[in-house]
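Trainee: Given the sequences, and given the hints that come with them, work out the whole structure.
Listed below, chain by chain, are the residues.
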Amino acid sequence: AKLDQVKAKGFIQCGVSQGLPGFSNPDDKGNWTGLDVDFCRAVAAAVFGDTTKVKFTPLSAKDRFTALQSGDIDVLSRNTTWTISRDTSLGLNFTGVTYYDGQGFMIRKDKKVNSALELSGASVCTQTGTTTEQNVADFFRANNMQYEVIAFATADETIKAYDSGRCDVYTTDRSGLAAERLKLTNPDDHIVLPEIISKEPLGPVVSHGDDQWFDIVKWALFAQVNAEELGITSKNVDEMLKSTNPEIKRLVGTEGKFGEGLGLGNDWAFQIVKLVGNYGEMYDRNVGPDTPLKLARGTNALWTKGGLQYAPPIR
Amino acid sequence: MSLTFDDGTFIRAQMQTPLPPPRRNVGVIGWVRQNLFSSISNGVLTILGILLVAWILPPLLRFLLIDAVWTGDNREACLGAQVGACWPFIKAKFAQLIYGFYPSGERWRVDLVFFLGVALLVPLLVLSWPHKRLNSFLFFVAYPILAFILLTGGNIGASNFLLGHFGLMQMVAGDASVAGLRLGFWLDFLITTALCVAVAYLIGRLATGSGRGAATMTAYVFAGLGAITLLWDVDFGLERVETRQWGGLLVTLVIAVTGIVASMPLGIALALGRRSKMPIVRLLSVIFIEFWRGVPLITVLFFATYMLPLFLPVGVNPDGLLRALVGVALFTAAYIAEVVRGGLQAIPKGQYEGAMAMGLTWSQMMRLIILPQALTLVIPGIVNSFISLFKDTTLVLIVSIFDFLGQLRAAFTDPNWATPVTLYTGFAFAGIVYFIFCFGMSRYSLFVERRLNTSHRH
Amino acid sequence: MTEAHSIVPSDELPAVHTPPGREVAVELVGVHKWYGEFHVLKDINLKVKRGERIVICGPSGSGKSTMIRCINRLEEHQQGSIVVDGVELTNDLKRIDEIRREVGMCFQHFNLFPHLTILENCTLAPIWVRKMPKKDAEELAMHFLKKVKIPEQAGKFPGQLSGGQQQRVAIARALCMKPKIMLFDEPTSALDPEMVKEVLETMVSLAEEGMTMLCVTHEMGFARQVANRVIFMDAGQIIESNEPNAFFSNPQHERTKLFLSQILH
Amino acid sequence: MTEAHSIVPSDELPAVHTPPGREVAVELVGVHKWYGEFHVLKDINLKVKRGERIVICGPSGSGKSTMIRCINRLEEHQQGSIVVDGVELTNDLKRIDEIRREVGMCFQHFNLFPHLTILENCTLAPIWVRKMPKKDAEELAMHFLKKVKIPEQAGKFPGQLSGGQQQRVAIARALCMKPKIMLFDEPTSALDPEMVKEVLETMVSLAEEGMTMLCVTHEMGFARQVANRVIFMDAGQIIESNEPNAFFSNPQHERTKLFLSQILH
Amino acid sequence: MNDPKVRSIVLQVVALVLVIVLGWMFIDNARENLAAQKIATGFGFMENTAGFGISQTLVSYSETSTYGRAFLVGILNTLLVAVIGIFFATIIGFLVGIGRLSKNFVIRLICSCYVELLRNLPPLFQILFWYLAVLSAMPNPRQSISIFGEAFISNRGIVVPRPLFGDGTGLVLWTFGFAVLATVLLGAWGRQRREETGRPFPMLWIGLGLIVGLPLIAMIVTGFPITFEKPELKGFNFVGGMRVIPEFVALTVGLATYTAAFIAENVRAGITSVSHGQTEAANSLGLRSGYTMRLVVIPQAMRVIIPPLTSQYLNLTKNSSLAVAVGYPDLVAVFAGTTLNQTGQAIEIIAITMGVYLVISIITSVIMNTYNKRVALVER
Ligand SMILES: Nc1ncnc2c1ncn2[C@@H]1O[C@H](COP(=O)(O)OP(=O)(O)OP(=O)(O)O)[C@@H](O)[C@H]1O
Ligand SMILES: Nc1ncnc2c1ncn2[C@@H]1O[C@H](COP(=O)(O)OP(=O)(O)OP(=O)(O)O)[C@@H](O)[C@H]1O
Ligand SMILES: [Mg+2]
Ligand SMILES: [Mg+2]
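Residue numbers (this note's numbering), protein chains in the order written: chain A, 1 to 315; chain G, 1 to 458; chain P, 1 to 265; chain L, 1 to 265; chain Y, 1 to 380.
Read the hints as simulated data drawn from the structure, not as lab findings.
Just so it is clear, the structure is predicted and the values come from calculations on it, not from any experiment.
Each residue gets a CB set at the ideal place from its N, CA and C atoms; glycine is no exception.
Among the clues, some could well be false.
Unchecked claim - Simulated restraints, written as ranges between beta carbons of each label pair:
1. V234/G <-> I20/Y: 35 to 43 Å
2. D50/A <-> R451/G: 57 to 65 Å
3. L146/G <-> D87/A: 44 to 52 Å
4. K131/L <-> I27/Y: 41 to 49 Å
5. L124/G <-> K131/L: 26 to 34 Å
6. Y371/Y <-> K109/A: 55 to 63 Å
Mentor: Shown next as structure tokens:
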């Protein structure tokens, strides 16, 4: 089974993106950081109790699935949109949603546009991706608007072209908009329009055929979300071991033997929270308001706070 | 001094001694006159040229030096209205740009490889340095083997040779191993060697009457191959570093150097093939050359990544870097072949005849007479190809290999350094690095060209 | 210059006009030349009258070619003055072009244009320099090609001719500009004995028409037959200058004697 | 072949061995050759004895070079047989290599290797073909360079030598293989008169040592002095073959008479 | 057995057998692999709706067009860049190459710097430089530079009026065609007259007059059937008219100047390979330096220049695949990029792309080789 292979290897091979600010990018020391990366570390924490036992493979959009199919990587945590065709026809399983994203527009304030529906005739800068260009085309066609699209290979050139006035609007996933905004000469002169023209639930993927491994990856995320819901953080998790709240006890492993079902130790969730943190911590650390990206929780808030992050209970 | 008669008769009585030349055209003014303002149109051109320089240089200097930011820890330092290059960004990412994701504890291995490379290359490049033979051997044979062991960690765990693929060896040897070396592999290797030697002997016998030469050649090749594999298979206790973790300048140099070294012999062979009198050999060479020359390197690398695995037996999945290396080498070889062909065409027939008349064999003639001259003639073309190759290494990003530029692009995605000038700074720095290497090659080739030119040295 | 547009009516060349006061075709006074530090020409003094035919000889490397090349400014001299056809050679490009139009040159290595046919080689300069209509230029070229006995080669390329034929084309090409002065640099080197004869015959016939000629050659037969004066050079200097009979029968200078003794073996 | 490894001990070359039954060095019987449709050599019959010295002359394009080049198979003949040193020339590569080792050739255009020094030019073949140790080869090369009087040029490159010096290097290079037969193709074309003399002197001294020589040349002085036989070719055929005195004083064929009359002007 | 013929036959047979065995192995493996991975193959996808927009289309195209149409658009865009880039690269390359041999020190220095700088920097940087430099130099559409109110230059590109053809256009076009023909014929006659009489013929002016004048007269006669759709600033952008987009300009300029640096080196090598004697001979005939260059040196240098020049043309064409960096929709961006991303049919798409480039390259090679044969020297 995958778990045994991974244990034998001594590390998890995790596919990440080749560089997406806040999700997976190398930091000054050459370590991969970001939301997607931290999730891989969470899985490593669950399996090994050690976040360093993970190796990263940067993958392009084109070879990410092949890498998974061929077993080069154990888990793919690389902003991959969950769609039915990918879930069913590629021999893969999506394990959950680490980030609810959607394609949006950014525009200069002085254009005095408040809605994407006023964009008729605009020039649109975008990065070639799997669906970005199609989404724009569909949106403008559905609303009977004219447009001109200029598609670049990388985000860096796209934002430069937009900044220099080549385009009226810049479109990409909203997380991307926040990241690229940092590179604008005057970030405050630009606004993000309210419309979201596509649903982009991004989540980790594993390959078909090993349900145990599928469960481990799935529940690693659920454990983080549950931890946030229960108020368990990496700072207070040690105290939480003494908690009497049965829900907390089940999560940190002081009650029940839920780890066994996954083939792991019963402290699996404890390790995740201890070493990586709960979902909120992970979010805030990588993309939250205190980071340069300054992304509000929005749809990624807990269901209790009006967002979509909801995890089945541990019991 | 001399006798001159009315009828034009003249006899010199005393020979003149050579005098030093007059110093008329020396001095700054003389030089300026002659070189800059020798005519009106020349003067106009001179002034236009100076204006052009005055137009380009100042903004460049301002961005790179005057307005540049020199210290800081994150993006905050480089924000602002009139900011030039953001050098702290480069400083923060410098190690990555050189080593990629190579584990920081193991970077001494890369340093050692760099150091050895320079130490062996410099005496090779200095034409007057003695011991060229030993030096070439060290650089072209010993160094690559050593570099391979150092960079990857060696201990490749050789398991399958030719027969192994057909599942034949397992039965005989199983998984037994001695001192970490798998017996199955080595048995397989020996049998394959014997088979190949035999085949070579047969072919040689058919073609030239005596198969001994071909057989010993093959035996030597296999012995070399075996020795190298053996070395690579030994466990030196170095940590294994996958090529995936390599990156930055390291990858750029590995690809460029391997590409250059591998494409030369291949290109020469192709050029000779294209000029061969044997129609099939010629046709194959032409097809090969025109194919590789006709398609963009991007698609070649695409091919290597997405399609090559399809053409190989199931389960054989060569390393990504290796695929890129092969692609780059074949691509460059096609260009080199065309350049070399040009050189071969320029060698007068008399040189061939001179060599033949002395009783040299074909290979001696090529090696000793024709190729040295042809290659010297086309040094500029070869270096042009190398410069292109060096710059084209950036395309390996497609194969998920982070070369120098790829690593830079990855660094751009760090939100901690996302500023309006990050991109320009990065590209300016990369531009300088690429320029240094390419310009070095171009100048060195000029120097060699002059040195090897034996025709007009008085 | 004035008769540039007239075509040759008969087989005869028009006689060379000698404007008054211009009876000196070429005059070199105290000419020195250096190649870098190397002193090639040392104090050359030479006066060539119109219609005179001068043969220059001397050992290899003595500066014969260099001197000839200075006369139409293919090389620059550093000291002294050279006056050709009444015009002094300076850096003035206009004047140099003017002089080159009047001075024909026939190179040691022919220097034919390999990408042009023989006819085109000959008509190139008349058309572009003399602005002669193409038809006239071709007629003129054929006239001279006939004179050097290779009219049938007009359509071929230089690469298709034998050495001797190329040599003759070079002469015809120079003549097509109807120069007042002709410079020949070893016009018979690298030729077969039979060819040598033909080329020399061509030159003799030119000489008979009264053209001013300076010719570097070692064909002593030619010198005897045609030259008004023989000049012997060595080490960048004119050693001896005399009329042919005296030169051959009674050389004065030691160096000349030695040289002649080796040639006439 | 057997003495390939011995070095020359003194200034003298070893006497040429003549194995019994091999007194004929070169024999051409009914040789024909075509270039495409062009019949260059027509029924050539020639027998050269060991130690014989033959001069070949004739007008340009008569096939002299072609014939010489057939003898060491730089050109292929289509009909007839050529036997060199007892070996018949066929397509067999081994044999051709064997013959080329025994036949030295000195080209009309020298064909020196410009990227090698003079010494390297001379030692190349002894080292790679005769497998001689480098030191011995160099000694041998210096021996012959001395013989042609240019030992001081050994370290230079061909491009730095004058034509006459290059010519002599070409001779020395051929001799370093210690060939039994030497072929010379116009060894004095394109040379200065002073140089011609030097080259011919070298050849005379070789001839005196008894080497078999075939030499294309128009230097009749050389023919008179050295040759055993003079062959006159025209239009691809041997027109006349005679010993020198008879050839010059009393040519038989009309064509020969015409040719000689033009040379001896 | 020592016969070279036998030898060469054996060698060739061995080579052929090797190639066939290798090829067979490849094909066999591919068959097996394809079957095993159930990868969809076939070119049916070319008929599917593309569903994405393209910023520059030389033939009509919209989001509802097929992938096949997008493919065609990509090819045409690539060809456009290649042809125009080659044209300018050749001109600049020759000028700089000749400039490197100039007598003027400053010109020589500038040309050397040009070559060393542009040749040794990656083309990607240069294209980006031009793109961002061009963009930053241009005003936004509202402040666009207006040329007589007809054409506008802004950071959206250069917009010019688009001709709309009404009734009677045929006549105007015919007269235009006639004028061109007449000019060509007249030119030929003029050249002939020049050769015959030596008098020059003012071809430029007469030709211009003909080509502009005749259609103008025809227009007046037919009452101006050709109207122009003037571009207008509407909302964000200009509407109507024809537009040259900045991506195209930057890519073409970048590629042309980059390739020109290589061409310049080839040209220099070619010129220096023409022996000095040729220049001297031309000079001694009285030809001025301009004529000498044009009539004697360049024609001979061409022999040396053409083979590497062909390589450079191929390189320029292939480097046009860098287009995607500046958002120009060339073949690789549109087809091997967006289309590949959307359909995932890597094998077919990469194979087709390689095929297209191969065909373009081979056509270029054939044309250049034909020309090369024509300028080859005739020798014995
Ligand atoms: N460009 C040059 N630079 C330096 N030295 C030169 C140059 N050209 C010629 N020389 C030298 O100038 C001297 C005279 O050369 P020149 O060609 O005039 O000789 P020459 O008398 O014509 O000899 P030959 O009979 O061999 O043609 C020679 O010693 C030669 O080496
Ligand atoms: N490769 C070839 N193809 C066709 N014809 C050739 C070829 N080589 C030589 N010829 C012709 O063969 C004839 C004999 O040439 P060859 O070189 O033997 O003459 P030669 O007697 O040596 O003359 P020269 O004294 O000028 O050297 C000439 O007419 C020549 O044009
Ligand atoms: Mg001379
Ligand atoms: Mg000959």
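Trainee: Each of the hints needs a verdict: does it hold here or not?
Mentor: Consistency of the hints with the structure:
At roughly 38 Å, the beta-carbon separation of V234/G and I20/Y lies within the given 35 to 43 Å, and the hint holds. For D50/A and R451/G, the hinted distance range of 57 to 65 Å is satisfied, since their beta carbons lie about 59 Å from each other. About 48 Å separates the C-beta atoms of L146/G and D87/A, a value consistent with the hinted range of 44 to 52 Å. Here the CB-CB span from K131/L to I27/Y is close to 48 Å, well matched to the stated 41 to 49 Å.
One distance hint, 26 to 34 Å for the beta-carbon pair L124/G and K131/L, holds here, with the actual separation near 29 Å. About 57 Å separates the C-beta atoms of Y371/Y and K109/A, a value consistent with the hinted range of 55 to 63 Å.
Every hint, counting from the list given before, is met by this structure.
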